[in-house]
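Participant: Could you slot chain P onto chain B? The hints should help.
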Amino acid sequence: MRTRIVEPRTARLELSGGDWLLVKEQLNAGETMDLFDRAAPGVDLTQPGAMAKLSPMKVGPALVGAYLLDWSLVDAQGQVIPIRGQSPEAIEALLRAFDLETLTELMNAVSGHDARMREKKRHLAATASSAPSPSLVGAVGGTNG
Amino acid sequence: MIKDLVLHGGSDGRMEATISWAWHTAAVCRAWRVHKSETGKWSLVAHVVRADAFKLQQRPLFFNVPRTGGHFCWPVRAVSVTDHQITAALDPMEC
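Sequence order for the protein chains is B and P. Here our numbering is used: the first residue of the first sequence is 1, the next is one more, and so on. Here our numbering is used: the first residue of the second sequence is 1, the next is one more, and so on.
I should point out that these hints are in silico values taken from the structure, not numbers from a laboratory. In this text, all values refer to a predicted model and were calculated from it rather than measured experimentally. Be a bit skeptical, because a hint or two may be false.
Claimed, not checked - Some but not every residue of chain B turned toward chain P, in silico, with C-beta under 8 Å:
(1) 8
(2) 69
(3) 82
Beta carbons: idealized from backbone N, C-alpha and C, even for Gly.
Isolated chain P (complex conformation):
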């Protein structure tokens, strides 16, 4: 069983990922890094490209990473944006 897992958007940090509220884009980010701790907690740290404060307050939110044929997505439990950085607590990946 994998105890500690890190997913990231490539060493150049150019792969964009999004936080969405249904079909609305709440935030676009780069240099994202998703971490699953040994205790099973998922978290996100990313650089903000653009963020919609109103949409980020809505629920439910999902963090989406593009892949062939669709996206990987995680439900967002809590999110904050400070100084061009997004941090979020995530639930386990759903798709």
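Next comes chain B alone, as it looks inside the complex:
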């Protein structure tokens, strides 16, 4: 019998310029609910047309904040900007200090990872009878199969 607990594994995502992100391999139910709450407050994502109400400007940073554990990004003095142990809200706020190209790259990297993990889970659950869980990936331009 398989465990239903999400094991806290990590994945490394490579960025341009030799930078990298360390992210959660997948979010557990609590982390996902918190993400939905921050990205789409008050929106019932299970309802038809709900995705059209989402703002990429809220979803993208929320997705990064939900997944991100650590990184190699540095400040003007060349010191790695410490984020380990920071809350998703604190990380989201920090993202606003970057240039737009960097924020876009971070969002694309994390949303791509999210989409790949959902596809992997979809394949694993191919015989399950439950309905697919809602995803925010479409709101930031990615696909999830």
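Facilitator: Leaving out everything else, chain P in the frame of chain B:
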């Protein structure tokens, strides 16, 4: 060579430390005291602020003390929580 070592969270006991399971916080504690015995065994005694019984059953666990630029951390070999007190057997400090 240091034979007997005690690290603690300050005389007022207000410095918080955590026990973590990966990025999940399994417990928050204060008035913590880490002891390294002459035989090299590390142990922890602390007052519980909050504890997640499920996460405390998972492995691996680490005991984390904040410092400038990061944390000191010890792997947790065994942990128990009774009457608002945490006791744990630790492995040597890793970071």
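Participant: Would the hint on residue 8 of chain B be counted as holding, given a Cβ-Cβ threshold of 8 Å to chain P?
Facilitator: At about 3 Å, which falls below the 8 Å cut-off, the nearest Cβ of chain P leaves the hint on residue 8 of chain B intact, so it holds.
Participant: Min Cβ distance, residue 82 of chain B to chain P: is it shorter than 8 Å?
Facilitator: holds (7 Å)
Participant: Tell me if the interface restraint on residue 69 of chain B is satisfied: Cβ within less than 8 Å of some Cβ in chain P.
Facilitator: Interface hint status for residue 69 of chain B: holds (6 Å vs cutoff 8 Å).
Every hint, counting from the list given before, is met by this structure.
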